[in-house]
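Asks: Top to bottom, those sequences are chains A and B. For the first sequence, my numbering begins at 150 and goes up steadily by one. For the second sequence, my numbering begins at 9 and goes up steadily by one.
Any given hint could turn out to be false.
Taking lysine-lysine pairs in the DSS-like style, the calculated list, with each CA pair at most 30 Å apart, reads [claimed, not checked]:
#1 A:207 to B:44
#2 A:261 to A:249
#3 A:261 to B:48
#4 B:27 to B:48
#5 B:27 to A:226
#6 B:48 to A:249
#7 A:171 to B:48
#8 B:30 to A:249
#9 B:30 to A:226
FYI, nobody ran anything at the bench for these hints, they're computed from the structure. Bear in mind the structure is a predicted one, so any value in this text is a computation, not a measurement.
Chain by chain, the residues run as shown.
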Amino acid sequence: AQSVAQPEDQVNVAEGNPLTVKCTYSVSGNPYLFWYVQYPNRGLQFLLKYITGDNLVKGSYGFEAEFNKSQTSFHLKKPSALVSDSALYFCAVLNTGGFKTIFGAGTRLFVKA
Amino acid sequence: ETGVTQTPRHLVMGMTNKKSLKCEQHLGHNAMYWYKQSAKKPLELMFVYSLEERVENNSVPSRFSPECPNSSHLFLHLHTLQPEDSALYLCASSQELFTDTQYFGPGTRLTVL
């Protein structure tokens, strides 16, 4: 069965420090992997996706994610956090030839000034 | 905004009321989705339409009834809801079914009294 896990409910980081939001997945076949962000009172916004190719994917707002097949992970990273990055982050996975995108429970990121 | 609009943004209804949620996408996409977002739970996919045909019904109670009159509009008709149905209901669209990036509306915050 297809699944995605975000092991941390919340991540706290100081502004200017690097941030990592973790995601691990389980699918049969090759995965499509996504990160979305949700700001208060808004819908989800697409950040980046991995389909194939380079394991390091660059996305919006300076975010990037690294696909690690052996560890079945797709962690979201940013070298220097901003207070405005504070939001709810969702990882999602779909197996190729699959039928349904599965979202994780979300990780709330707090960036302190 | 992302090109996907939802109305109303907030809705309070009693358990015996009938109401409808509306979603409209201005992106020329072929697929549309309804999701339910409850606190601290993964996004729950409710219904999927591709080219106005329903392709997924995720064991959703019959008190939720979707309608897709054309590829730009999606409705969710509600009747005799329960308090546990209170949640944020998100509409999304994508160019192709599932494999493509999904674009989300801002959601309707539903409260059932």
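Asks: Would you mind marking each hint as holding or not holding in the structure?
Replies: Status of each hint after checking the structure:
1. Pair hint residue 207 of chain A plus residue 44 of chain B holds up; C-alpha atoms about 29 Å apart against a cutoff of 30 Å.
2. Using a Cα cut-off of 30 Å, the hinted pair residue 261 of chain A and residue 249 of chain A is violated, with the two alpha carbons roughly 36 Å apart.
3. Between residue 261 of chain A and residue 48 of chain B, the direct Cα distance comes to roughly 22 Å. Compliance with the 30 Å bound is thereby established for this hinted pair.
4. Simply put, residue 27 of chain B and residue 48 of chain B have alpha-carbon atoms about 26 Å apart, close enough for the 30 Å limit, and the pair holds.
5. Of the pairs offered as hints, the one joining residue 27 of chain B and residue 226 of chain A is violated, with about 42 Å between alpha carbons and a cut-off of 30 Å exceeded.
6. Between residue 48 of chain B and residue 249 of chain A the alpha-carbon distance is near 21 Å, which keeps this suggested pair within the 30 Å criterion.
7. A hinted pair counts as satisfied when its Cα atoms are at most 30 Å apart, and residue 171 of chain A with residue 48 of chain B qualifies at roughly 16 Å.
8. As the CA atoms of residue 30 of chain B and residue 249 of chain A are separated by approximately 23 Å, the hinted pair is consistent with the 30 Å bound.
9. For a cut-off of 30 Å, the pair hint linking residue 30 of chain B to residue 226 of chain A is broken: about 35 Å separates their Cα positions.
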